[in-house]
Structure formats: C-alpha cells, structure tokens
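**Q** Chains C and G, in that order, give the protein sequences.
So for the first sequence, our numbering puts the first residue at 12; every next one is plus one.
So for the second sequence, our numbering puts the first residue at 20; every next one is plus one.
To be clear, the hints were calculated from the coordinates, so they are not data collected in a lab.
There may be inaccurate statements among the hints.
Said to hold, decoys possible - If we take Cβ atoms under 8 Å as the criterion, some of the chain G residues that face chain C in the derived model are:
1. Glu341
2. Arg344
3. Ile346
4. Arg356
5. Tyr357
Claimed, not checked - DEER-style ranges, computed between Cβ atoms:
6. G/Pro276 <-> C/Gln131: 32 to 40 Å
7. G/Ala367 <-> C/Lys210: 41 to 49 Å
8. C/Gln131 <-> G/Leu280: 30 to 38 Å
9. G/Val303 <-> C/Gly57: 53 to 61 Å
10. G/Leu309 <-> C/Arg76: 44 to 52 Å
11. G/Ser350 <-> C/Val199: 34 to 42 Å
12. G/Ile75 <-> C/Pro118: 27 to 35 Å
13. C/Lys282 <-> G/Arg349: 41 to 49 Å
Quick reminder that beta carbons are idealized off the backbone N, C-alpha and C, glycines included.
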Amino acid sequence: MIDNILYSIRNLTVEYTTRAGSVKAVEDVSMDIRRGEILGLVGESGCGKSTLGKALMRLHTGPARITEGELWFDGRDLMTLPLKDMPDIRGAEIGMVFQDPMTSLNPVQRILEHITETIQTHEPEISDTDARKRAEELVERLGIRRERIMDYPHQMSGGMRQRVMISLALSLRAKLVIADEPTTSLDVIVEAKFLDLLKELQKEFGLTILLITHNIGVVAEISDRIAVMYAAKLAELGDVNDVFAHPKHPYTQALMRSVPNIKLDSGELYKMAGAPPDLSHPPAGCRFHPRCPYVMDICRVEVPPLEAVEGDQLAACWLYPSVLAKSQEKMHA
Amino acid sequence: MTATKDQLPKNAPEAVSWESELERVGFVRRIFLARRWYGADWWFVTIASVMVVAFIIVAIVPGWFAPYGPDAIVGPRFLAPGEHPAVPVLIVPADSKVNDLKDLAVPADQPRPSVAVVIGVPTGGALNEQAKAIDEQLRNEPGGLRLRPQIDRYATIDQALQAVVDGTDLAAVIQSTEWEKQGLAQKFPTLREANTITGEISTAGGFLLGTNDIGQDVLSRLLWGTRIALIVGFSSSIVALVFGVPLGLFAGFIGGPMDRLLSLIMDSLYAFPGLILAISITAVLGPSILNIIVAIAVLYVPTYYRIVRGQTLSVKEEVYVEAARSIGARSREILQRYIFPNVIPSVAIIFSVNVADAILTGAGLSFLGLGLPPTIADWGIDVARGQRFIQTGWWMITYPGLAIIAVVLAFSMMGEGLTEIFNPKLRER
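Bound-form chain C, shown alone (with noise of 0.2 Å):
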C-alpha cells in the first residue's frame, strides 16, 4: 500500500513573511499523490495552490517559507535534504509545468538548449551529440518537428512551447509532473490537444501528474483524483467521480453548481455569496463559515481536520458524523 504513494505531504504550512505579518498561503495540508495518477488540485486564484505545487520542489524563494510539515517522495523526506542538494531532485525526478509558456522558457536559448541543459545538467557524462538525439526524439514524440528544435521560444505558439515544457521534463523521466495552470493561457481548442497529450504521456510513461487549476473542467477531463483547496486548506478530496457527483464539502458543493452547464435550464448561474477570506486575518473555526449555508456553532469555532466521510472521499467538515467522531476520539486519546 504504501508503494502506492509515490509523494506524500504531512501537515504542510508555508509562510509569506511581509511587512503587514505573516500569511499562511498554505496551512496545516496533508495529502498522497498515488503512482501513476492524475491527481486534479482546484481552487479560487489566491487559495495557495500555486504556493503548495512549489513548495512540492522547495522552489520557495524570498518572503516565502515551508514553517512546518513532511514531504515524502519516493521514501525519502525532502525536508531534511540540504537546500543545496534539491537541484538534483528537480527537474530529475519532479518537474514543472508553468501557467505561462510565453515567459517560462529562455527567450536567448534554442529550444534545443533549453533540453540539453536538462540532460546534462543531471546527466554531465553525456555527450553533445546524444544529448541532442535524445532531445530530437523526445520533441518529436511530443509532436513538434526536428528541424523546429533550433527555434527560439518567440518561433513558436503557445502550444508548442507548452509541449516543450513537457518535453523538459520527461527529457530525464521525471516522476512527478507538476503542472501549474499549464492550460489557462491556451485557447480551448489548443487546451483540448494538450489535454489530451498530457493523458497519453501519463500512460506512455507511467507519469504522475499534479494538474493544478482553478478550472473544474479540465479537471473533470483528464484527473483519476480530485484535491479541493479553499483558504489555503483543503476542503475535499476523492476520486474526481465520487466528487463530481456527490460533493460532500458545502465548498465543493457550491463550486460544482458555479460551473455553467449546457444540460441544466435553471436559468441563472448560482453565485456563491460573500469573498474568499484576507488570509492574513483568516475567520477562526472553519474557514469556510462566513460563507457557508450549513453554518454550525462548531464551525466558528474548532478547525475540522480532513477526514474519510464515504469510502475513498475525505472532506473537512462538521456536517459528517465521521469528522466529529474522529476528532472526539483525538479530544480523549
């Protein structure tokens, strides 16, 4: 079983250190990335998926800062790597996708040298010449011709440089991809074939793919998971099925009717009430209560953990008697 989990995060919190205090973009987040999964991290802009899909690599660089938690990959624990040895670990094992593909590659490197420095940077043995045969095939299967291998990243679309970004890390077999919002800046139907590329490459390669957005759409797609973050927590999680069909989280439930859908005729689009909460001066309890329908008095109060309600689908929420229960039998433990 525990093979399975190919990166496992325990109680994560990350810190932003500004002037006005210090913000907690992501808090107390503990979750398993299964092997061999497309595990879907949604979310409204600000709730800090972006800041838990870096803090993956110890990207962190500036006012930011891991303040607490574990993380697992692959039996090892990244926290107690030094800073110094995380370069071969990114890039060789995780890899990122960015949201912008206009401004994540080197505007004065070939394309070319923007993969052959991946190879060799992990890889300094090998030579310019298989570097090259390597980087060749690999942007070939990834559907982009030989000769554009010599482009510069302006030379290209979109598209294309998305897939370059792919190609950098598979150039090595990287694990675990993460991938940051690597479709919002594409048209739909540049989006569908990237999609549908990024699932073919999960197959081809046994990946492991992070897909972090803020569009259930995509989402619903490609993910075997789905992982719901509100307020730098998270809120739900399950198998994007189960999910879809029964959001048990109000958060959940409210963001599935948010979505526009052709079938339904309930004329207006629901609007959920309220705004995200300052994650400065977060609301005490659950995060979510200013906004939410079911309010309870628990709610303003006690945080609820994440836990199992149905089978494989875990929510942090007072409303199931499994989260109260378990959290009784930690009062008294």
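Given the coordinates of chain C, assemble chain G onto it according to the supplied hints.
**A** Same frame as chain C, now just chain G:
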C-alpha cells in the same frame, strides 16, 4: 497517432510587421532589412558607423595618415590652412635653364655667379649656407664644378628683381610668399619662379589645416589625437563595464544587505556631478593617461551597475528563471545562461553612448589641464592651446573642436541607431 497531435496551423498567415520581421532574422540581415523599416534613420546609422570605423582605423595607425609625427615642429608658427611657408626661392629669367641652386655652379676658373638678395630678410644667410653645403658636396665629385655665388644686396625686392631682368644678376633669392602675394609675377613677366634653394618645388610645404603656435602640423596632431581620444573613451568604458556589470549582477541576484550597501556606494558616486568628480580624482592622481582612464571609469561604474542591477532584478523574477530552477539549474548556471544573456543587450546600448561621453569628459579634463601631460597630442589640450590664440589662428581651436564633435556624434548616433535596429521593441517606448 502522434501525427494527429499536431494539427495546429503551421503556416497560418501572420500579419507582417516591422517588428516581427526584424525578430525573425539574424543580426547581419537585420541591418539591411532595417533600411526598409527605418528609412532615413538607417542612413544616419550607416554614416555614423562608417565614421566610427574610420576613427578607429586612424586611431590604430595614425602614422599612415598623418604627414608628420605628433610632436614634430615642421614649419613656421601660425601658418593658416593651405598657406605656404615662406621659403627662400630662386627667381630666374623665364628663358633661363637654371632651376636649382646647383645649376648655378661653374668650373673653378670661371667668374662666380652673382645672385641678388634683399637686405633685412633672412634669405641672404640661408642662401649662403645652402651654397656652402652644395659647394662642399661638389668638391667631392668629379667635374671640377664649384658653387661660390657672389651675393648682391639690394634695398627692396623690386630692385633685386630688376637686377635680374637687367642681367646684372643671374638670379634672385626672395621669400616664396613675397613672390605670390604682392603680384610680382605680373610686374616682372620675364621672370619665373624656379625651385627653392633646397631644391624643392616652391609651393611645397603647405599645411592643410595650418600650424600651431610652435609650428606643429595641426592635421598631424589631430590624427594622432584620435588615438588618445579613443584609448581614453574605450578603456574607461571597458574598465567601468568590467567592474559595473559583475557588481550589478551580484547585487541584483543576491539582494539583501550586500545589495543595499553596494547601491548606497554607487548612488553616492552617481550623485556627484561627473566632471567635478573626475577633476578631483585626476587632481589627486596627477596627469597621465592611466589616471584619466581611472577617473572616468570611476565616473561610469555606477551607470553600468544601476542598469545591470535593475535588469537583473526584473529578469530574475521571470518565469523562465523559476523554470530553470525547476529543472535543477544552480545559481551559477542561472546567472550565466539565463540572467547574463538577457541583461547584456542593455549594456551594449549604454556602452557606445558611454564611449562618446567618456571621450567628451576626457577632452574636458585635458582642456582644463588636468588630464594629460601637455606634450601629448590630444584634442582637449589642442583646444585649450588654440583658445589662447583664437584671434591670430582660428584654425588651432576649430579643427580639434570639430573632431571632438564628430567623434562624439558618430558614437552616440551609431549606438542609438543600432539599439533601435537590434531591439525594435524599445522603439515603441
């Protein structure tokens, strides 16, 4: 299966704009393409570049172009451009076969040739000396010829020339300028001007841009001065670049207290008025080329530092730098392959404008007598020198001044023009 993946339009017609067209080709073709998009600007850049290349060639081998050395005293003082120096010249009857002083030589037993000169003019002495030298030479040659002219002195030029017309004397020796200036040629149509007493053509020895107050050739000093100007301009800019760019990269990349300290130092330097700072540095260090370069370099280090630091700050936040870290690149690689190449174009832009500025500052220091030892051929020194004689010899200050203007204009025009061609996006701002 993969073929179907790439159904994206490959050859979709794209609106051709000057920007996208320029971006698609290499540097060399870009220059020629630029002509289409930039119109008149292109010609400015071309002319400026040709001038810059010419200045550089002259600076490398001034000896090929300059007729004299930089310090050689080659003629009379204050000779205007195009004017000939006054040299003793032979005036002979038009039908005479005599061309040179040497032609007056006769066998020892024959009567000595008589030559007319004017009293109070140094031609008599010069003739005597030259004749003696030739005589000495002839004595060592076979043929038994001797040259011991009998010198007849007259009160005026007219009298001396009349004597030649009358046949009293075989020839007259007068200053060449006199013959040209006072219309003597018209007055004595039966006489003609032969060579100078040293055997040169009488109109030789003119100076295109005249001579200065101690008889040096202004043109030669101008050409030799190019070397100093460009050495000062380039060296100080390069020194400033070599210090400013790495400091800027370092400070911008690591940030923190080091960055603040460096920026404080650089901003304090920057706050000084440029020339005054350079003056104080050279005043302390003393005049020499090396010191002037150091002084000007200190002046420009903050320029490079600020530009590079600012660019580094913005480039390091680019997603591609984060992407580079996400593929496992280390700081050194990121600086080298991601930040430096993206920062360097803006450095190239300031460089050529900076060279022009440094030349100007260098000339300014020399003008004030602080830059270089006064024996060196330098435009600033020549301007300072010419300023004292601006009424007697306008050419002494004018030509070095024009040279400074030309070189500064050429460098800045080339720099700014190339910037527009290589970074078409900047043009819009």
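**Q** Would the hint on G/Tyr357 stand, with a C-beta cut-off of 8 Å toward chain C?
**A** Where the cut-off is 8 Å and the nearest Cβ of chain C is about 5 Å from G/Tyr357, the hint holds.
**Q** Are G/Glu341 and chain C close enough, Cβ to Cβ, to be under 8 Å, as the hint says?
**A** 7 Å, holds
**Q** Falls inside 41 to 49 Å, the C-beta gap from C/Lys282 to G/Arg349?
**A** With a Cβ separation near 48 Å, C/Lys282 and G/Arg349 satisfy 41 to 49 Å, so the hint holds.
**Q** Evaluate the given range 30 to 38 Å for the C-beta pair formed by C/Gln131 and G/Leu280.
**A** 36 Å, holds
**Q** May I ask you to test the hint 32 to 40 Å on the CB atoms belonging to G/Pro276 and C/Gln131?
**A** Roughly 35 Å apart at Cβ, these two residues keep to the hinted range, so it holds.
**Q** Within 34 to 42 Å or not, the Cβ separation of G/Ser350 and C/Val199?
**A** Cβ of G/Ser350 to Cβ of C/Val199: about 39 Å, so the range 34 to 42 Å holds.
**Q** Checking hints one by one. Is G/Arg356 an interface residue toward chain C, by the C-beta closer than 8 Å rule?
**A** Check passed: Cβ of G/Arg356 comes within 7 Å of chain C, closer than 8 Å.
**Q** Starting from the hint 27 to 35 Å, judge whether the C-beta atoms of G/Ile75 and C/Pro118 obey it.
**A** Given range 27 to 35 Å: holds, Cβ gap about 31 Å.
**Q** May I ask you to test the interface hint for G/Ile346 with respect to chain C, counting a Cβ-Cβ separation under 8 Å as satisfied?
**A** Cβ of G/Ile346 sits 4 Å from chain C, so the hint holds.
**Q** Can you tell me whether the CB distance of G/Leu309 to C/Arg76 sits inside 44 to 52 Å?
**A** 50 Å, holds
**Q** Using the Cβ atoms, figure out if G/Ala367 sits within 41 to 49 Å of C/Lys210.
**A** This hint holds: roughly 46 Å between Cβ atoms.
**Q** CB of G/Val303 to CB of C/Gly57, is that within 53 to 61 Å?
**A** Once the Cβ atoms are compared, 57 Å apart, the range 53 to 61 Å for C/Gly57 and G/Val303 holds.
Checked against the numbered hints given earlier, the structure satisfies every one of them.
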